[in-house]
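**Student:** Here's the letter readout for the chains.
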Amino acid sequence: MDITQRKQLAQKRDRRKPVLSNNLLRSLNWILLVVGSLFLLSPIWWMISTSLKPMEEIMQFPPTLLPQEWHWENYVHTWQAAPFTTYAVNTITITLICVVANVFVNAFIAYGFAKIPFPGKNILFTIVLSTMMIPGFVTLIPQYVLFAKLEWLNTYYPLVVPALFGSAFNIFLLRQFFRTIPNEMIEAAKMEGANHFYIWRKIALPLVKPALATVAIFSFNGAWNDFLGPLLYVNDESLYTLQIGLQVFKEQASTQWNYLMAGSLLVLLPVIILFFVFQKYFIKGANITGSSSFDK
Amino acid sequence: MKKKKWWTMGRRESLQGYIFIAPWVIGFLAFTLGPLAFSLYASFTDYNITSRMDFVGLQNYDQLFTGDDLFWTSLYNTLYFVIFSVPLTTIGAIFISMLMNQSLPGMRIFRTIFYLPAVLSGVGVYLLWMQLLDPGTGLVNTILSWFGINGPNWLFDPDWTKPSLIFMKLWSVGGSMLLYLASMQGISKNLYEAADIDGAGTWKKFLHITLPLITPVIFFDIITSTIGSFQIFQEAYVMSQNGSGGPASSMLFYNLYMWIKAFQSFDMGYAMAMSWILFVVVLIITIINLKLAPKWVHYEGDDK
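Just so you know, the protein sequences line up as chains A and L, in that order.
Just so you know, the first sequence maps onto residues 1 to 296 in the numbering used here.
Just so you know, the second sequence maps onto residues 297 to 600 in the numbering used here.
Isolated chain L, as found in the complex:
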């Protein structure tokens, strides 16, 4: 009898648990799983929102890989952005948090200043950078001219558009800086004192104590910023000519091309095929990251 009663209580509790998570389950089915299933199927059709969906097999994928130069351009642009922006922002954030992880006067103010750009986003920021990078009236080329440097045309020069966006990204490096700073401040002072006795210098302490202990955050940061960078869209949409990725398609990133296909030419089957290719690419990179993690990420507790 007693046992039976305990069971019903447990069940009642489980039921409450399911009620608590029910909104997420419903949302997941309606806005994630359902759409995923639809999109996977539609990627094998010629769906364009008004037509009936005709199954076309691998035609979309075939066209993407073999007949669409812009697809490859957009993939190249996106990889370019990921390959430069992810390491640069990671190294930048670690470097700044290293500077910040001291007891110097004004630290709170520095932290505020470095973090502020990271909370600003949206069209206002893009417009600001369009002005800063304006070849004639912008601040960047003005500063460069003080040093006798003739600044490039930034957003108007196909060679400089992607670096422009990477600079803009670096401005908001303070977001991940906070993550590193928090984990650095969690490192025990004793470790550094012990290293002092061994006569280790600042650089050695960083290399042998700080760096290994923040690897979990580096790992987290790299994974999230890689996924994020692959999806760069708004910057390119607002800052490129007519939102089409110009000049010379140099800002035609993967998502922007997908957007044009899906919502301007309504080639939705095709765009959904594109989205699945991106999904698979991101998934493979994430899995590689996860597989490589044990080689370099130290979790406290499983240390030698």
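Just chain A, same shape as in the assembly:
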């Protein structure tokens, strides 16, 4: 296939595309996207609308699309119906520790894999990647036994300590970014007598700040939404996180959908805000994952 020749042809020739059908197709495309967007947004709008209705209105048939009266006090009621403030403080504590640990530990490990030559590096990195294929429950049960023996049950240690040792996906993601730093830069610093710890802190880290932000946001999401960990390891109500609190509140509120939706929305809100503020970092993370699948 001689693609270059065709390319030249394409540039030379006037394109005589049927403009009308092209426009029709574009309009159709646009309409599909609008309809799709409405579909995807409707659950969120429904959640907000339901959270503001009184119970009698929710039970009405057919349901109303907007609340007849806006009952903002549903949110206050929900927040006070269970110790959500405690849950929120707990969740924020765990999340902050996990985010900080994830960012710095993974950046540390990833730099080693990206920029320092040492024997056995390739095989070790292959192991890093292959750990992503291990179904979580295979290690979850023996880890539980380990943490039980350490008497870590009903503490936050099982939730935060593993974060101090890096996670395969983040190592992989950050390594991709560190690799884009030119080797000459690092060689030059080495010439001046800098060791890798200095180079990591002073040169490499500042250069991958956007990637660190991406990892921070993914970690925030992961820790904030973690359900399995607290479900397994935390028993005391005073140690509950928001996810567990919401699950317990679900049993308590039964089918009082207004309170359930208010609670759900409050728990989801930080993630939604984060998403709108830092959207470009979310997308960056997705892009690097997608484009690196080309590397095989």
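What the hints contain is simulated information worked out from the structure, not anything from laboratory work.
Please note that a few of the clues may not be correct.
To be verified - The calculated lysine-lysine pairs, modelled on DSBU-like cross-linking and capped at a C-alpha distance of 30 Å, are: (1) K587(L) <-> K500(L); (2) K284(A) <-> K485(L); (3) K458(L) <-> K250(A); (4) K190(A) <-> K501(L); (5) K485(L) <-> K280(A); (6) K250(A) <-> K115(A); (7) K121(A) <-> K587(L); (8) K485(L) <-> K500(L); (9) K202(A) <-> K190(A).
Stated by the list, open to error - Here are a few chain A residues that sit away from chain L, every Cβ distance over 10 Å (derived from the structure): (10) W70; (11) H71; (12) W72; (13) A81; (14) T93; (15) W152; (16) Y157; (17) I181; (18) P182; (19) L212; (20) L239.
What the hints assert, rightly or not - Here are the computed distance ranges between Cβ atoms for each label pair: (21) L96(A) <-> F351(L): 39 to 49 Å; (22) Q398(L) <-> T64(A): 28 to 38 Å; (23) W368(L) <-> L38(A): 37 to 47 Å.
On a predicted model such as this, the values are computed, not experimentally measured, just so you know.
For every residue, glycine included, the Cβ atom is placed at its ideal position computed from N, Cα and C.
For chain A, the structure is supplied; the task is to place chain L on it using the hints.
**Tutor:** Same frame as chain A, but now just chain L:
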């Protein structure tokens, strides 16, 4: 002399390298390799966390394959979910990214809207879907009723529970959509222009240019979403009756059954045997995927 000095520098650098990756190595030994070894051994015992571990040979595996109907139910439910959710989400994501890969007004807003559900997860989302799918007051059946359709009982009808979860999964299809979109935007415009000259229509261009060039991402997406779907747990735990996989065990997925065995009846040896069966199944499927890849995945550079 000079050579010797160079050697020590190289060694010093290697040492630094090992220090950098040391946290991962320690974590890998303590939280992955050690537990894996323990779990493999314990799967041949009657371990229940309080007892001493008595070696029982293949008894756990034998019981699973020949004496445990719920094991087969959970495997069936999980395969059902994987077989439908993986292709549907893949095709859905490719289709949306195709629509999105144009220069139309409002593209940034569309991208945000389609991606938003993918970043939402956890109990809040499950509760939201329990409400949306509620037969009496939910949005889904309300919309269906506008078209004169009498919606099913969704999470209360054993035939509809798994489709319910698949719909919920489709809502967050925007995550993999972003992966496809990124790779589509990397395709050279020249290829499409050349195809224009040959008079290729939109569909032909998609089939012969776009699709082959995004196969690496499709491959990546299928592998990761297959592994992920096999491990479906939280949705079933939160959304099924009493977290037990009901109604009629229709949401008793593999991991949920394993969870019940491990942490409710503390049959840990048995649960660990289950986990190894899952590991092997996932491994075999991944290997098959890797073996099939050269037949359909195009990597740029090794093209004909």
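**Student:** Determine for every hint whether it applies to the structure shown.
**Tutor:** Here is what the structure says about each hint:
1. K587(L) <-> K500(L): holds, 28 Å
2. K284(A) <-> K485(L): holds, 22 Å
3. K458(L) <-> K250(A): Roughly 21 Å between the alpha carbons, so the hint for K458(L) and K250(A) holds.
4. K190(A) <-> K501(L): Violated: K190(A) and K501(L) sit about 50 Å apart, past 30 Å.
5. K485(L) <-> K280(A): Answer holds: K485(L) to K280(A) is near 24 Å, not above 30 Å.
6. K250(A) <-> K115(A): Between K250(A) and K115(A) the Cα gap is close to 49 Å, so the pair fails against 30 Å, i.e. violated.
7. K121(A) <-> K587(L): Within the cut-off at roughly 25 Å; holds.
8. K485(L) <-> K500(L): Holds, at roughly 15 Å.
9. K202(A) <-> K190(A): Distance ~12 Å between K202(A) and K190(A) Cα, so the pair holds.
10. W70: holds, 18 Å
11. H71: Label holds. Min Cβ-Cβ 16 Å, cutoff 10 Å.
12. W72: holds, 19 Å
13. A81: holds, 14 Å
14. T93: holds, 17 Å
15. W152: Nearest chain L Cβ is 12 Å from W152(A), so the label holds.
16. Y157: holds, 12 Å
17. I181: holds, 15 Å
18. P182: holds, 18 Å
19. L212: Holds, because the least Cβ-Cβ distance between L212(A) and chain L comes to about 16 Å, which exceeds 10 Å.
20. L239: About 17 Å separates L239(A) from the closest Cβ of chain L, which puts it past 10 Å; holds.
21. L96(A) <-> F351(L): 39 to 49 Å: Check passed, 45 Å falls within 39 to 49 Å.
22. Q398(L) <-> T64(A): 28 to 38 Å: Holds, at about 37 Å.
23. W368(L) <-> L38(A): 37 to 47 Å: The hint (37 to 47 Å, Cβ to Cβ) holds, given that W368(L) and L38(A) are roughly 41 Å apart.
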